[in-house]
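What follows is the residue order along each chain.
Number of protein chains: 2
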Amino acid sequence: MSDSLAIALLSGGLDSATAAALAQEAGDRVIGLSFDYGQRHHRELQAAQRIASALALEEHHQIGVNLAAWGGSALTDRSQKIPNDGVKAGEIPSTYVPGRNTVFIAIGLSLAEARGARRLVLGVNAVDYSGYPDCRPDYLEAFQKLVHLASKAGRQGDGTQLWAPLVTWSKTRIVEEALRLKVPIQDTWSCYEGGETPCGRCDSCRIRNAALQDAGRPDLCV
Amino acid sequence: MSDSLAIALLSGGLDSATAAALAQEAGDRVIGLSFDYGQRHHRELQAAQRIASALALEEHHQIGVNLAAWGGSALTDRSQKIPNDGVKAGEIPSTYVPGRNTVFIAIGLSLAEARGARRLVLGVNAVDYSGYPDCRPDYLEAFQKLVHLASKAGRQGDGTQLWAPLVTWSKTRIVEEALRLKVPIQDTWSCYEGGETPCGRCDSCRIRNAALQDAGRPDLCV
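Top line first, the protein sequences correspond to chains A and B. For the first sequence, position 53 (counting from the first letter as 1) is numbered 54 according to our numbering, and the numbering increases by one without interruption. For the second sequence, position 21 (counting from the first letter as 1) is numbered 22 according to our numbering, and the numbering increases by one without interruption.
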């Protein structure tokens, strides 16, 4: 058994599942962490549980933090419409949830520090969702600097490493790695809507389907 | 009515109540935010409600985020004893909760961003609790840099300001300002224990009582 422990944030989507599988391949024992943040539906949390089971993670925690209490995003505010007309250059999409990644990473760091985990594994990706300010490399670098000052271990030069292996990858490359690592793609949930099956029309479904086509797996499209 | 809005984290203690009152004095309308993080007792949350009412805050939110799920501190792990033997130089006390301030500030930023608040008001103080890594000025400076990259407004040069007016003050100065601002000191709760009345023996009670003595108000000691 590896003595190197990692915490992986699991959204239930393809990217975070692939990042968790990469950490396992790198030799980490992985604890999954998912969030009930008041999202419109629980499909992605159900998916996160399936992924944790399929990847045989050490543990899987789910924690509630109700960011929907103050709305501000199409993903938490049911009065807003989910967009399906693409991500525009230089624009932040309405699906951006204020402070979400900062909150999730902060809670992940708490678990990592309490357990002495070496790495916090993030599926964030700056390419397809470049409209999100909190998915970019400069944001992660600034957070890493904060980690070095925020904790007991960090002050001693041994803080948790923020590890975002997919940050500069194309969605097609993520799909190719997921296939290579035997990530259960059919168990992941990317759709912004919460129907019985993925809608196939929202921006998230469309980006995922295009990458599956590119990777030669149209059979996995939704 | 002032058009400048601030979010103030309210722990129920004296420091955060004083910081919120300072923001009001500076002309901000203030929304309070408190956390049920799995602490040993709810005395401090009851105190936060009394303070929000006494200061006539615009709103007061309480949000749950169960950091006790993974323990790691005497304040969330009921199997650990509360210390009463003072804060030692160079040592991080057992009452330090892994990642707590980072999580609280992150959630406060989410609310600030959703409401367009100009400032996030923090009662952190580096003098009496210098053992806590996440109460120091360099930590707050690194978090401010992160804020500039984390949000819509931050990227546009208009991010939330982290405002920690007490960070370098002595506890006696905090008490003096609380008295000047008519903060309801008797409504605040600093004790680490959750008895009917404050214990008077834990480190937090002892530091508070010493400052009240210094400020010439022994009648307010617990």
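Hints are supplied without guarantee of correctness; some may be wrong.
[To be verified] With a Cα cut of at most 20 Å, we get these calculated EDC-like pairs of lysine to aspartate or glutamate: (1) B:82 to B:197; (2) B:183 to B:26; (3) A:146 to B:26; (4) A:183 to A:26; (5) A:146 to B:139; (6) A:183 to A:59; (7) A:153 to B:142; (8) B:153 to A:26; (9) B:153 to A:142; (10) A:153 to B:139; (11) B:146 to B:159; (12) B:146 to A:188; (13) A:183 to A:220; (14) B:183 to B:59; (15) B:146 to A:26.
Quick caveat, the hints were computed from the structure, so don't treat them as lab data.
Verification of the hints:
1. Among the hinted pairs, residue 82 of chain B with residue 197 of chain B is consistent with the structure: their alpha-carbon atoms are about 18 Å apart, no more than 20 Å.
2. At roughly 11 Å between alpha-carbon atoms, residue 183 of chain B and residue 26 of chain B fall within 20 Å of each other, so this suggested pair holds.
3. Taken as a hint, the residue 146 of chain A and residue 26 of chain B pair is broken in the structure, with Cα atoms around 33 Å apart against an allowance of 20 Å.
4. For the proposed pair residue 183 of chain A and residue 26 of chain A, the alpha carbon gap of about 11 Å is at most 20 Å, so the pair holds.
5. Proximity of residue 146 of chain A to residue 139 of chain B is assessed by CA-CA distance (about 10 Å); at most 20 Å being required, the pair is judged to hold.
6. Using a Cα cut-off of 20 Å, the hinted pair residue 183 of chain A and residue 59 of chain A holds, with the two alpha carbons roughly 18 Å apart.
7. Note on residue 153 of chain A and residue 142 of chain B: the hinted pairing holds, with a Cα-Cα distance of about 18 Å set against a maximum of 20 Å.
8. Our distance criterion of 20 Å between C-alpha atoms is broken by residue 153 of chain B and residue 26 of chain A, whose separation comes to about 35 Å.
9. A hinted pair counts as satisfied when its Cα atoms are at most 20 Å apart, and residue 153 of chain B with residue 142 of chain A qualifies at roughly 18 Å.
10. As the CA atoms of residue 153 of chain A and residue 139 of chain B are separated by approximately 14 Å, the hinted pair is consistent with the 20 Å bound.
11. A distance of roughly 12 Å separates the Cα atoms of residue 146 of chain B and residue 159 of chain B; the hinted pair therefore holds under the 20 Å criterion.
12. Of the supplied pair hints, the one linking residue 146 of chain B and residue 188 of chain A is violated, its CA atoms being roughly 38 Å apart against a limit of 20 Å.
13. For the proposed pair residue 183 of chain A and residue 220 of chain A, the alpha carbon gap of about 16 Å is at most 20 Å, so the pair holds.
14. For the proposed pair residue 183 of chain B and residue 59 of chain B, the alpha carbon gap of about 18 Å is at most 20 Å, so the pair holds.
15. Using a Cα cut-off of 20 Å, the hinted pair residue 146 of chain B and residue 26 of chain A is violated, with the two alpha carbons roughly 33 Å apart.
The earlier numbered hints that this structure contradicts are 3, 8, 12, 15.
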